[in-house]
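A.B. asks: Those protein sequences? They're chains E and A, same order as listed.
First residue of the first sequence: 1, per my numbering; consecutive thereafter.
First residue of the second sequence: 715, per my numbering; consecutive thereafter.
Think of the hints as simulated: they come from the structure by calculation, not from any bench.
Source: prediction; values computed, not measured.
Incorrect hints may have been included.
Partner residues aside, some chain A positions facing chain E, computed with beta carbon under 7 Å [stated by the list, open to error]:
#1 GLY753
#2 ILE764
#3 ILE787
#4 TRP802
#5 VAL803
#6 GLN809
#7 CYS810
#8 GLY811
#9 TYR850
#10 PRO851
For lysine-lysine, the following DSBU-like pairs were computed, each having C-alpha atoms within a straight-line distance of at most 35 Å [said to hold, decoys possible]:
#11 E:LYS247 <-> A:LYS744
#12 A:LYS744 <-> E:LYS376
#13 E:LYS320 <-> E:LYS448
#14 A:LYS858 <-> E:LYS195
#15 A:LYS744 <-> E:LYS349
#16 A:LYS744 <-> E:LYS253
#17 E:LYS247 <-> A:LYS783
#18 A:LYS858 <-> E:LYS190
#19 E:LYS208 <-> A:LYS783
#20 E:LYS208 <-> A:LYS793
#21 A:LYS858 <-> E:LYS208
#22 E:LYS195 <-> A:LYS783
Where a beta carbon is used, it is the ideal one built from N, C-alpha and C, also for glycine.
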Amino acid sequence: MSTNRRHFLIGVGVVAAGTAVGVYVVPRLLGKHEAPFEFKPHSFVRIGTDGSFTVVLAKAEMGQGVYTGLPMILAEELDVNPQRFDIEFAPVDPAFFHPFLKMQFTGGSMSTISMYDQLRLVGATARNMLITAAAAQWKVAASSLRTEDGVVIDAKSGRRATYASLAEAAAKIPVPAKESVALKDRKDFKYIGAKHPRLDSHLKVTGKAVFGSDVNPPEMLKAVIARPPSFGATVKSFDATRTRAVKGVIDVKQVPSGVAVIAEHTWAALKGREVLQVEWDESAGRDVSTESLRTQWRALAAKPGKVGKNDGNVDTALGKAAKRIDVEYEVPYLAHACMEPMNAAALVKDGQCTLWVGTQNQSQDVNMVAAALGIKPENVTLHTQFLGGGFGRRASTTSDFTLEAAQVANGVGRPVHVVWTREDDMRGGYYRPYSVSRVRAGISADGKGIAYHQTVVGKSILKNSVIGKPILDKLGFDPSSIEGAANMLYGFPNLRVDVHDTDETVPILWWRSVGNSIHGFVVNGVIDELATLAGRDAYDFRRELLAAHPRALAVLDAAATDAGWGKPLPAGHHHGIALHESFGSIVAQVAEVSVVNKTVRVHRVTCAVDCGLAVNPDQVVAQIQSAVIYGLSAALSGEITIAKGGAVQSNFTDYPVLRLSETPQIDVRIVDSGGPLGGIGEPGTPPIAPAVCAAIYAATGQRIRKLPISTALT
Amino acid sequence: MITLNVNGRSQEIDADPEMPLLWALRDLLKLTGTKYGCGVAACGACTVHIDGQPIRSCQTPVSAAVGAKITTIEGLSTKGEHAVQRAWVELDVVQCGYCQSGQIMSAAALIASNPNPSDADIDAAMDGNICRCGTYPRIRAAVKRAAEIKRNGGAA
Numbered sequence: 001m002s003t004n005r006r007h008f009l010i011g012v013g014v015v016a017a018g019t020a021v022g023v024y025v026v027p028r029l030l031g032k033h034e035a036p037f038e039f040k041p042h043s044f045v046r047i048g049t050d051g052s053f054t055v056v057l058a059k060a061e062m063g064q065g066v067y068t069g070l071p072m073i074l075a076e077e078l079d080v081n082p083q084r085f086d087i088e089f090a091p092v093d094p095a096f097f098h099p100f101l102k103m104q105f106t107g108g109s110m111s112t113i114s115m116y117d118q119l120r121l122v123g124a125t126a127r128n129m130l131i132t133a134a135a136a137q138w139k140v141a142a143s144s145l146r147t148e149d150g151v152v153i154d155a156k157s158g159r160r161a162t163y164a165s166l167a168e169a170a171a172k173i174p175v176p177a178k179e180s181v182a183l184k185d186r187k188d189f190k191y192i193g194a195k196h197p198r199l200d201s202h203l204k205v206t207g208k209a210v211f212g213s214d215v216n217p218p219e220m221l222k223a224v225i226a227r228p229p230s231f232g233a234t235v236k237s238f239d240a241t242r243t244r245a246v247k248g249v250i251d252v253k254q255v256p257s258g259v260a261v262i263a264e265h266t267w268a269a270l271k272g273r274e275v276l277q278v279e280w281d282e283s284a285g286r287d288v289s290t291e292s293l294r295t296q297w298r299a300l301a302a303k304p305g306k307v308g309k310n311d312g313n314v315d316t317a318l319g320k321a322a323k324r325i326d327v328e329y330e331v332p333y334l335a336h337a338c339m340e341p342m343n344a345a346a347l348v349k350d351g352q353c354t355l356w357v358g359t360q361n362q363s364q365d366v367n368m369v370a371a372a373l374g375i376k377p378e379n380v381t382l383h384t385q386f387l388g389g390g391f392g393r394r395a396s397t398t399s400d401f402t403l404e405a406a407q408v409a410n411g412v413g414r415p416v417h418v419v420w421t422r423e424d425d426m427r428g429g430y431y432r433p434y435s436v437s438r439v440r441a442g443i444s445a446d447g448k449g450i451a452y453h454q455t456v457v458g459k460s461i462l463k464n465s466v467i468g469k470p471i472l473d474k475l476g477f478d479p480s481s482i483e484g485a486a487n488m489l490y491g492f493p494n495l496r497v498d499v500h501d502t503d504e505t506v507p508i509l510w511w512r513s514v515g516n517s518i519h520g521f522v523v524n525g526v527i528d529e530l531a532t533l534a535g536r537d538a539y540d541f542r543r544e545l546l547a548a549h550p551r552a553l554a555v556l557d558a559a560a561t562d563a564g565w566g567k568p569l570p571a572g573h574h575h576g577i578a579l580h581e582s583f584g585s586i587v588a589q590v591a592e593v594s595v596v597n598k599t600v601r602v603h604r605v606t607c608a609v610d611c612g613l614a615v616n617p618d619q620v621v622a623q624i625q626s627a628v629i630y631g632l633s634a635a636l637s638g639e640i641t642i643a644k645g646g647a648v649q650s651n652f653t654d655y656p657v658l659r660l661s662e663t664p665q666i667d668v669r670i671v672d673s674g675g676p677l678g679g680i681g682e683p684g685t686p687p688i689a690p691a692v693c694a695a696i697y698a699a700t701g702q703r704i705r706k707l708p709i710s711t712a713l714t
Numbered sequence: 715m716i717t718l719n720v721n722g723r724s725q726e727i728d729a730d731p732e733m734p735l736l737w738a739l740r741d742l743l744k745l746t747g748t749k750y751g752c753g754v755a756a757c758g759a760c761t762v763h764i765d766g767q768p769i770r771s772c773q774t775p776v777s778a779a780v781g782a783k784i785t786t787i788e789g790l791s792t793k794g795e796h797a798v799q800r801a802w803v804e805l806d807v808v809q810c811g812y813c814q815s816g817q818i819m820s821a822a823a824l825i826a827s828n829p830n831p832s833d834a835d836i837d838a839a840m841d842g843n844i845c846r847c848g849t850y851p852r853i854r855a856a857v858k859r860a861a862e863i864k865r866n867g868g869a870a
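Input sequences plus hints: build the corresponding full structure.
C.D. replies: So this is what it looks like as structure tokens:
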């Protein structure tokens with residue numbers, strides 16, 4: 001970056017007050033020789049005198065495409081081709097807080113939804129000020145001017161001025177009230193709604209993108225932590241004599257998460273850890289196992305839980321039902337298994353802490369690190385890096401991987417990068433919750449779904465989270481434990497969902513689509529069972545239950561039509577269908593599957609999605625494909641089993657994930673109903689497991705009520 | 715001291731001969747484009763070329779790389795103009811991007827030896843590279859596109 005480039009902050013610092021978006025601006029003019037990073041920019045866009053445009057990204061890029069999609073929104077109103085933007089990750093600052101959550105956070109498929117209005121206003125305000133500057137310079141009415149890709153144009157006189165040439169004057173203009181800033185009509189959109197290439201492609205195909213793993217501040221050391229063999233275990237004692245003798249090892253120290261081996265480089269740290277002797281106190285959780293939990297939870301599922309949803313009278317309706325089922329569904333703990341294992345680097349020095357980390361949870365990380373170190377949050381600086389996958393794992397409710405880096409680095413005086421091996425990552429907890437459900441459901445004599453009662457057993461994610469605790473306190477239960485069931489679109493006149501919260505030692509966390517990945521499977525599985533019970537087609541049966549939701553019907557119809565539902569398939573191939581709404585978007589999928597000698601092969605997945613306006617449609621397609629593959633890995637073989645209090649699986653060798661040769665053709669149609677913006681990172685995951693399981697039923701006659709399929713298929 | 719030839723340059727490192735090439739590249743030579751993913755040659759994120767052949771650097775001791783030509787993602791091209799990189803950009807393959815250095819090195823080795831890879835060839839060559847974002851459909855298309863760019867005389 002040029003060090004003598006001048007940047008002007010225009011239309012800066014749009015912050016939210018509640019849900020209303022307000023504008024405050026302190027137009028600032030950088031000195032000629034100041035580098036832009038020498039002050040804290042409260043700005044989403046800086047315009048350089050050299051024609052550069054720097055856009056500051058408030059969200060973490062973990063693959064979902066915000067690095068491109070959010071700048072596109074700003075670009076639309078600013079009227080500059082996003083291809084000209086340089087993107088910077090935002091510092092932690094209220095200017096970049098989530099408008100509703102009041103913290104810097106990326107998750108819940110909310111980035112586009114929450115920033116759409118804000119970024120349009122920023123872009124439009126800046127453009128308005130640039131036009132005002134040109135109008136003053138040319139002594140013409142602002143209304144007579146137009147813009148075109150970074151240039152203000154006076155059509156009458158033919159005069160043109162680049163934004164760069166107007167930036168200095170524009171920065172001195174008072175920021176117009178938002179009511180006076182006109183936003184574009186959707187029909188005039190140039191960028192929003194059209195395919196735009198990813199702005200991070202070049203960095204990522206050349207190896208230049210800097211992930212958390214790749215940071216390299218001067219004098220940095222590497223560390224690995226000897227972690228407990230079972231969840232909740234603590235260090236009783238350790239002997240580091242042999243570790244300290246390993247060449248390159250600098251120090252060994254106990255931290256809350258285990259015993260850290262700090263070394264000149266990763267290999268020395270790993271060699272040092274290999275010979276470290278640690279004695280653990282495993283009394284807290286050594287007895288925990290998936291098997292023991294299953295026994296307890298099945299018994300719990302037979303008893304009424306805390307009621308989260310209760311429409312109609314499910315008991316009466318079940319009593320009157322012509323036919324009913326009473327079934328158990330079960331899904332396992334799942335690791336997120338991001339390609340980049342967890343890691344964070346920290347420097348603690350002179351009462352200050354600097355963090356370099358790929359995180360979804362900046363504000364909480366800063367606050368928790370500050371509290372742990374006994375310093376003020378303003379003395380913690382966090383530099384967000386590219387995330388090598390997130391899927392929720394990097395939005396840790398305890399800030400675990402960032403916090404421990406600060407704890408390891410505390411007292412070292414040099415930056416320390418705590419890296420996790422794949423085994424550390426996979427055995428380190430924070431899984432998608434293990435969940436057992438009992439469902440009683442019934443149909444009427446004329447084959448309509450009339451009653452659905454699901455009792456869920458599983459551990460609350462929200463009770464241990466800063467964001468979620470108040471919600472849990474207010475409701476008395478964790479809505480994420482039953483999401484996707486309690487708020488299902490399928491219209492059962494009698495619906496009850498109740499929940500038992502559990503308290504096993506295994507740390508759990510949101511995993512791509514959270515409760516929806518669990519209950520999208522349960523609900524759609526039960527719907528299929530009811531359709532069979534009624535002797536009806538699974539697609540038609542769904543249509544009837546979705547009659548009150550035209551958007552959902554359109555999505556379901558699109559997927560069924562594109563897949564050729566009901567039409568002949570190649571010999572041995574079978575279809576299964578599912579639909580689920582989550583994060584404001586509706587996704588339907590038809591899976592085409594064959595089962596030969598207990599080997600399940602998914603040949604094709606046909607998807608339809610309604611996410612409202614698709615800002616970057618090609619990336620919407622990419623996210624749906626991504627979500628299908630992520631969900632398919634889990635459905636086919638994903639399982640973390642707990643035995644003796646710890647995870648059995650440890651690497652991709654025993655936690656297999658989908659590979660290229662196993663990947664089906666995945667077709668995606670975007671159905672734009674004109675509905676409100678929905679999320680796109682997560683909603684593609686829930687339908688795939690039930691769609692595949694429905695196809696397996698069609699192929700084999702076996703209901704898969706317990707995932708993964710690999711262990712359930714007989 | 716151990717001498718390695720990396721991306722056409724001779725580099726001296728002070729390393730245990732058993733140190734995996736991955737850590738020598740990343741921690742000692744600061745070539746961080748090559749990634750750690752599993753440490754057991756099960757994911758392909760650490761793929762580099764040794765004398766043109768794709769290998770998993772997490773399971774290759776530096777001693778085994780002495781005297782050979784090592785190519786990492788940083789050395790594949792000077793400005794990202796290799797046919798595979800061009801195809802990857804053209805088809806918007808990347809998502810999080812963490813696995814892509816390894817994917818690209820595997821793909822580059824494939825099209826260097828096979829100018830017109832079939833689906834089965836691509837499956838075989840790319841199956842050792844995991845992508846958790848699920849960019850596989852685009853990888854499949856981009857490998858074909860890269861081969862086409864190369865056949866048409868594009869840089870490779």
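A.B. asks: A separate judgement is required for each hint: does it hold in the structure or not?
C.D. replies: Status of each hint after checking the structure:
Taking 7 Å as the C-beta cut-off, the interface hint given for A:GLY753 holds, the closest approach to chain E being about 6 Å. A distance limit of 7 Å between C-beta atoms decides the matter here; for A:ILE764 the minimum to chain E is near 17 Å, and the interface restraint is violated. Look at A:ILE787: its Cβ gets to within about 4 Å of chain E, closer than 7 Å, so that hint holds up. For A:TRP802, the interface hint holds, the least distance from its beta-carbon to any beta-carbon of chain E being 5 Å, beneath 7 Å.
With its C-beta approaching chain E no nearer than about 5 Å, A:VAL803 sits inside the 7 Å limit, and its interface hint holds. The beta carbon of A:GLN809 is positioned within 7 Å of a beta carbon in chain E (closest approach about 3 Å), and the interface hint is therefore held. Restraint check, A:CYS810 versus chain E: the minimum CB separation of about 3 Å is within 7 Å; hint holds. The interface hint given for A:GLY811 holds, since its Cβ lies 3 Å from the closest Cβ of chain E, which is under the 7 Å cut-off.
Below 7 Å, beta-carbon pairs count as interface contacts, and A:TYR850 has one with chain E at about 4 Å; its hint therefore holds. The closest approach between the C-beta of A:PRO851 and any C-beta of chain E is roughly 6 Å, which is under the 7 Å cut-off, so the hint is satisfied. For the hint pairing E:LYS247 with A:LYS744, the CA-to-CA distance comes to about 20 Å; that is within 35 Å, so the pair holds. Taking the CA atoms of A:LYS744 and E:LYS376, the gap is about 33 Å. The hint holds against a cut of 35 Å.
A distance of roughly 13 Å separates the Cα atoms of E:LYS320 and E:LYS448; the hinted pair therefore holds under the 35 Å criterion. Note on A:LYS858 and E:LYS195: the hinted pairing holds, with a Cα-Cα distance of about 22 Å set against a maximum of 35 Å. Distance hint between A:LYS744 and E:LYS349 is fulfilled; the C-alpha atoms sit about 24 Å from each other, no more than 35 Å. The suggested pairing of A:LYS744 with E:LYS253 holds, with an alpha-carbon distance near 26 Å, which does not exceed 35 Å.
For the suggested pair E:LYS247 and A:LYS783, the alpha carbons sit about 28 Å apart, so the restraint of at most 35 Å is met. For the hint linking A:LYS858 to E:LYS190, the alpha-carbon distance of about 31 Å falls within 35 Å, and the restraint holds. Between E:LYS208 and A:LYS783 the alpha-carbon distance is near 21 Å, which keeps this suggested pair within the 35 Å criterion. Simply put, E:LYS208 and A:LYS793 have alpha-carbon atoms about 11 Å apart, close enough for the 35 Å limit, and the pair holds.
Distance check on the hinted pair: A:LYS858 and E:LYS208 sit about 24 Å apart at the alpha-carbon level, within 35 Å; holds. Note on E:LYS195 and A:LYS783: the hinted pairing is violated, with a Cα-Cα distance of about 40 Å set against a maximum of 35 Å.
Hints 2, 22, counting from the list given before, are not met by this structure.
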